[in-house]
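Top line first, the protein sequences correspond to chains Y and W.
Residues in the first sequence are numbered from 1 upward in steps of one, following the working numbering.
Residues in the second sequence are numbered from 382 upward in steps of one, following the working numbering.
You can take every hint at face value.
Quick partial rundown of chain Y residues pointing at chain W, CB under 8 Å, derived from the structure:
1. Met10
2. Leu11
3. Asp17
4. Gly51
5. Leu52
Here are the in silico distance ranges between beta carbons for each label pair:
6. Asn5(Y) / Gly476(W): 24 to 32 Å
7. Gly439(W) / Arg24(Y): 33 to 41 Å
8. Gln611(W) / Gly343(Y): 50 to 58 Å
9. Glu106(Y) / Arg641(W): 56 to 64 Å
10. Lys264(Y) / Lys437(W): 36 to 44 Å
Away from chain Y, derived, C-beta distances all over 10 Å, residues of chain W:
11. Leu411
12. Pro525
13. Pro536
Derived from the structure by calculation, the hints contain no laboratory data.
What you are looking at is a predicted structure, and each value in this text was computed from that prediction instead of being measured.
In this text, a Cβ means the ideal position worked out from N, Cα and C, and glycines have one as well.
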Amino acid sequence: MWYMNEEREMLQSMARDFAVNEIRPFVNETYEKSEFPHELMRKVGEMGIIGLFLPEECGGCGPRWVDLGVCLEEIGKESNVVANCIDSQYAGTSLLTMLGNEKVIEEVIKPISRGEFVMATSQCEPCGQTMMHYHKTHFVIDRETNEIVINGGKIFTTNAGEAEYYLVCAKTPPEEELGGEFGYILVHKDNPGLKVGHIEHKVGWNGSSTGQMFFNDCRVPMKNLLLVMDSDEDTTYYGGGTIGALMAVGALGSAEGVYEKTLKNARNRMHGDKSVFDSYQAMRHTFAELKMDIELLRGLVYGVLEGLDKGDPDAIQQSWIAKVKAARIFEHVASECIVLNGGNGVVCENGIERYYRDAKVNSIGCFALPHIIEMIANNLE
Amino acid sequence: MALNIAVCMKVTPDPDKYNQIALDPVKKTLVRSGIDSVISGTDLHAIELALQLKTKFGGMVTLISMGPDSNEKQLREALGYGCDAAVLLSDRKLGGADSLATSYTLSKGIEKTGPYDLVLLGNASDDGSTAHVPSQLGEWLGLPHITDAVAFEMPEKSCCLVKKEVGGAVNTYMLCLPAVIGVTKRLNTVRHPNVMAIFAAKKKPFTRLTAADLENLDEGRIGLAGSPTQAVGYLDANFDRDCVEIPGENAADKAAELLRVVLTAKK
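Taking the hints into account, I'd like the entire structure generated from these sequences.
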């Protein structure tokens, strides 16, 4: 591939080895039990994969987007959940990294880079993630104790109940004139007043915890108010949009993963004296169509990642485009692969239908596709 | 207190692609073209032990491999685990070596780049699996050596305790350093490479040595000419499969029955 070099081949080999030996043997069982991949995330940290999106001063060696993409693609082949769990750490840390707060770097970001724990970004409310002017969660400042007091609730918080720290978005008190309408506050999981609510039972992404968060007079030191922002546009683009490209490359990997498994099954399953692959031209043509989709997506995704590496400003918008296209192609490939596997495609133990379920959630995670398309439409010239 | 450790590393065809490997009916050798090459799995356990010892005692881990120039790729990969330097013994004169010629050549490479406190290597490679090289290497180097290591301890720098499986028992041996240890896959769990080490691998010392670089080399002992072992024939394995239902009330019963079927079939 045009973007590969010696180092990336080694990264690919490292990530493939990890995915095949550490994820593949257990993924069906952990998926069935909806187990959060703490141990895998610890290993991902130890291997330095999280460090690929963190700058040196935060314990990383990045951002190196193509290098990270090569790793996420391999991990995505075996588990879209683990790939997106890594993405969720980028979503959380990207804002913290920008702030450059020494204490936060030492106590939160560096341990995350080492895989010691995960964090969560708690933003979405019943009116929607991005309709932040309508959000209810808010805070006030207690001048006597120099604390901020959060009240309200969140839904669909990724990593709810599993994270060590929550980066909570809450409305600022207007009378305090903090210089913006929204504040981002870091809250430790054991902080009094913070409660994890119901954990959702989703159609896919089993093991990636999604749940409610409640804040009932949740008091945190004033210093935990890390950022005040003026408009929801700024916060909508947290992570600089790069998260779209990361989710896209995970989806590319997952599309390839289910495609490769299905192709192998079709070649091994015999109908009489010929494999089903050799028996049906319609089947071979479907594989060819899926392969074309996957390679088309590869070109887009790695083009965007390389653009990000080069600091191309267009790459941010393209990152969201990649996310939309990847979500659709992943879902299409996963859907077709169920059919290509015949009866085996719908048996959970075979690990094929899991990809389709993940593809549906992948279309929603970190902004549903209609919202992203709206953003893209609003930026048309 | 620092330890200077050499790890001998072999590059073998990818075991996942063994079903694609053909045999040359005339030369009786493997036809490897088009088959990916990887670090021999057992050698990874030797690398892991070396890196654990480096963490405990400090020092340096040097990889030594004999083979074609293309082995550089796998040596760089091994550097990505955290090893410090690599030496590749590469020369057309070294080609066609059996285990005796290989161990002799490796011993000359070790003498050239050493001295080392420990020489570690996989007990048997994933492809040839002769398990000759560790003992032969110890003899060429005149060092104490042991094979089939299933456990390793180093209470102090001057000696090590090695557990070796012998039949159904496990014997413990104490070896004075320097020594040569052939390790098994049971010894440890191999870590994953690390991103930072991969990026550093490119800049780590990499030495390529030819036969002419090796001192006091007896050319009659290297390559094909120095190899008393010659393959004279081979048999194709029969991979025909039949479906057999393994009866049993539960998983334990079925496992016991499966074991009985396998053992019976072997006989």
